[in-house]
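Based on the hints, put chain B in the right spot on chain A.
Chains A and B are the protein sequences, given in the same order. So for the first sequence, the numbering used here puts the first residue at 1; every next one is plus one. So for the second sequence, the numbering used here puts the first residue at 1; every next one is plus one.
Treat the hints with care, since some could be wrong.
Said to hold, decoys possible - Pairs of lysine to any residue, SDA-like flavour, derived with a Cα cap of 20 Å: (1) A:165 / A:145; (2) B:92 / B:8; (3) A:165 / A:142; (4) A:165 / A:201; (5) A:165 / A:136; (6) B:92 / A:83; (7) A:165 / A:154; (8) A:165 / A:132; (9) B:92 / A:82; (10) B:92 / A:81; (11) B:92 / A:10; (12) B:92 / B:27.
Derived by calculation from the structure, the hints in this document are not laboratory data.
For reference, the chains in residue letters:
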Amino acid sequence: MRLPDWPGHVAGQHVDVRLTAPDGYTAQRSYSIASAPSEPEVDLVVERLDDGEVSPYLTDELRSGDLLEVRGPIGGFFVWPEHSDTSVQLVAGGSGVVPFVAMLAHHRTTGSSVPVGLMYSVRTPADVIGPDELQPRPGVGVVLTYTREAPGDWSGLRGRIDQEKLAQHVVPPDQGPAIMICGSTPFVEAVSRDLLALGHAADRIKTERYGGMGEGS
Amino acid sequence: MNTGDSIEARRLDGNVLGGPLADLFAVDVTMAAVTCAHCGRVTPLAAHQVYADAPALVVRCPGCTDVVMRCASDQRGVRFEMSGVRMLVIAKQAEESG
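This is chain A alone, in the form it adopts within the complex (with noise of 0.2 Å):
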């Protein structure tokens, strides 16, 4: 998306985008932004969900050039610690990768030297998001688990992320990592469960959850 008068955005924000019917109803969902700040525009990855409100039509009905209503760019909680001094662990599942590619593409393009890795439950290798910012580099290492099918020639793990697959790739509770968690409700919530059960402070980890409201983020 173009935005005119953009103020820039902070990796991990969201925008929140409206439609109005003709009859005046409205329909509101957050969406997480996918791209880096320094990138000119602001990318969003939409899932489609068939009996969704606004998702069908943001995958289906909207052209190149159409006009958009969108508030943005949103929150400041759940968003990349800049001048963190102990390494970040994020923890996605499908779509709640979106904040994190827009932290690694972020992580890249300011050379950060803060060790970040990356924990992701996606279900097929066509699901995953952003696979070219999710290559493993220096100081970003790349978990995948692929839940439903994995490529053909895959030795990685397979199967949800649970307290057994979070104690051997997560940076370790006494290293004291932020950690931050992005996925459907029972994911986060799940994952938030297992990390404390491994000894994580809580006060360490940070969570954003999607639904039916925030469908995309």
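Using the frame of chain A, we list chain B on its own:
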């Protein structure tokens, strides 16, 4: 990802309040530390539970699950109720919070 139909699966969090409350507050209130009037727990607004299915956005304390805020906006205007908030603290600089 469609998270199903249970009320639990549709529970959101306070991050989603940033846009709607921008109509009312001059600062990003999702960063504010909210003291629950019911149990006294202090939590960033962003970490509260939010139910968006009701006619209003219903915000509940993640500790005691009592209602702390309700916010509705439609063609008639905005209605905002926060009797469940004992105190709302907005730090001077929006720095990283825990």
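Item checked: Hints that the structure is at odds with (numbers, increasing) -> Violated: hints 2, 8.
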